[in-house]
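There are 2 protein chains.
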Amino acid sequence: MSYVRSLANTIRNRSHLFFIERIETLTNAPNFKTNEHLLPVVAQDIATGKVLMLAYMNRAAWDETLASGKAVYYSRSRERLWRKGEESGNIQHVREIYVDCDADTILLKVEQVGGAACHEGYESCFFRQVEQDGSFKVVGKRVFDPDEVYKK
Amino acid sequence: MSYVRSLANTIRNRSHLFFIERIETLTNAPNFKTNEHLLPVVAQDIATGKVLMLAYMNRAAWDETLASGKAVYYSRSRERLWRKGEESGNIQHVREIYVDCDADTILLKVEQVGGAACHEGYESCFFRQVEQDGSFKVVGKRVFDPDEVYKK
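Those protein sequences? They're chains A and B, same order as listed. Plus 17 on top of the position in the first sequence (first one is 1) and you've got my numbering. Plus 17 on top of the position in the second sequence (first one is 1) and you've got my numbering.
Calculated from the structure, these hints are not laboratory results. Warning: the hint list may mix true and false statements.
It does not matter which identical chain is meant; a pair holds if it fits inside one copy or across any two.
In silico PhoX-like links for lysine-lysine, alpha-carbon gap of 25 Å or less [stated by the list, open to error]: (1) Lys87 to Lys168; (2) Lys158 to Lys67; (3) Lys154 to Lys87; (4) Lys154 to Lys50; (5) Lys158 to Lys168; (6) Lys154 to Lys67; (7) Lys67 to Lys87; (8) Lys87 to Lys50; (9) Lys158 to Lys50.
All values derive from a computational prediction rather than experimental measurement.
Required output: the full structure, derived from the provided sequences and hints.
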């Protein structure tokens, strides 16, 4: 094979590789179809493995989370970015980020400041366990008093 | 107090208690606003604490999950109930169920048959980790070959 042809092949192969990598990157990114599109986000305590909460992100929340290293969600009730802990001080330091197979759900492994993610003062928002008969019992312990933390 | 009045009070008190319990049950139940309304469901491996996947339930999926003890979701792409593992055999035995503070997210702690929840053959659907620069790397290990399990 001539040197020129060999070089041409090398470039073609590299372009091909580059192209494949680009596609890989694009398809693996969270698939925000529009700037307003919300994806569910699971926050898990990196130390205990406890599932703390589920919230939502739009593209702006995702970008700010990556840039700041702190969890930023989109609050559907307040209809604006919600910097987790902005009121309570219980921010989440994001240590690891995962995206699922369909690129439509995000998993954050976080360090939860204050030991409680839930606005009701519990470590986890999932503090109610469902019994087989459909009844519920509270299984979490209150870490803080919400009336103290969220003063009206 | 006459026997009749005492009996009347007992009945009234019990009705009151019953009423309170009903309210408690209703407000803590997952808040499916309509039969079609979908709520996100996090499935977590009860042994390892790994977050396996996120899927959705409508009221029928919730009812069947409670009745059968196996995870039943609503597939948005197939637009029907999806008995997890119906094709792959990798069913999820539901060991614990939690509902969050707003009653709009469900957490299942499951025993994952086959050791893999993801249709791509990974233990968890969250097998792609995001680097600080926004690029991705695959961190999960394939447990099964999807081409073998989902034969066309």
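Handout entry: Intra/inter-copy verdict for lysine 158 and lysine 67 if alpha-carbon distance must be at most 25 Å
Key = both (14 Å within a copy, 22 Å between copies)
Handout entry: Alpha-carbon proximity context of lysine 67 and lysine 87, limit 25 Å
Key = Both. Shortest intra-copy (18 Å) and inter-copy (22 Å) distances satisfy the 25 Å Cα cut-off.
Exercise for the section: If the cutoff is 25 Å on CA atoms, where do lysine 154 and lysine 67 land: within, between, both or neither? Let me know, please. Expected result: So lysine 154 and lysine 67 pass the 25 Å test inside a copy (18 Å) and across (24 Å) alike.
Exercise for the section: Measure nothing new, just compare the shortest in-copy and cross-copy C-alpha distances for lysine 154 and lysine 50 to 25 Å and report within, between, both or neither. Expected result: between (39 Å within a copy, 22 Å between copies)
Handout entry: Intra- versus inter-copy proximity for lysine 87 and lysine 154 (alpha-carbon distance at most 25 Å)
Key = between (32 Å within a copy, 21 Å between copies)
Handout entry: Status of lysine 168 relative to lysine 87 across identical chains (alpha carbons, at most 25 Å)
Key = Answer is within: at 24 Å inside a copy they meet the 25 Å cutoff, but 43 Å across does not.
Practice task
At 25 Å max between alpha carbons, let me know whether lysine 158 reaches lysine 168 within a copy, between copies, both or neither.
Solution key: Within one copy only: 21 Å inside, 47 Å across.
Practice task
Indicate which option fits the pair lysine 158, lysine 50 if close means a Cα-Cα distance not exceeding 25 Å: within, between, both or neither.
Solution key: Neither: 39 Å inside a chain and 29 Å across chains, both beyond 25 Å.
Handout entry: Copy assignment of lysine 87 with lysine 50, given that the CA separation must stay at most 25 Å
Key = within (23 Å within a copy, 32 Å between copies)
Checked against the numbered hints given earlier, this structure breaks only hint 9.
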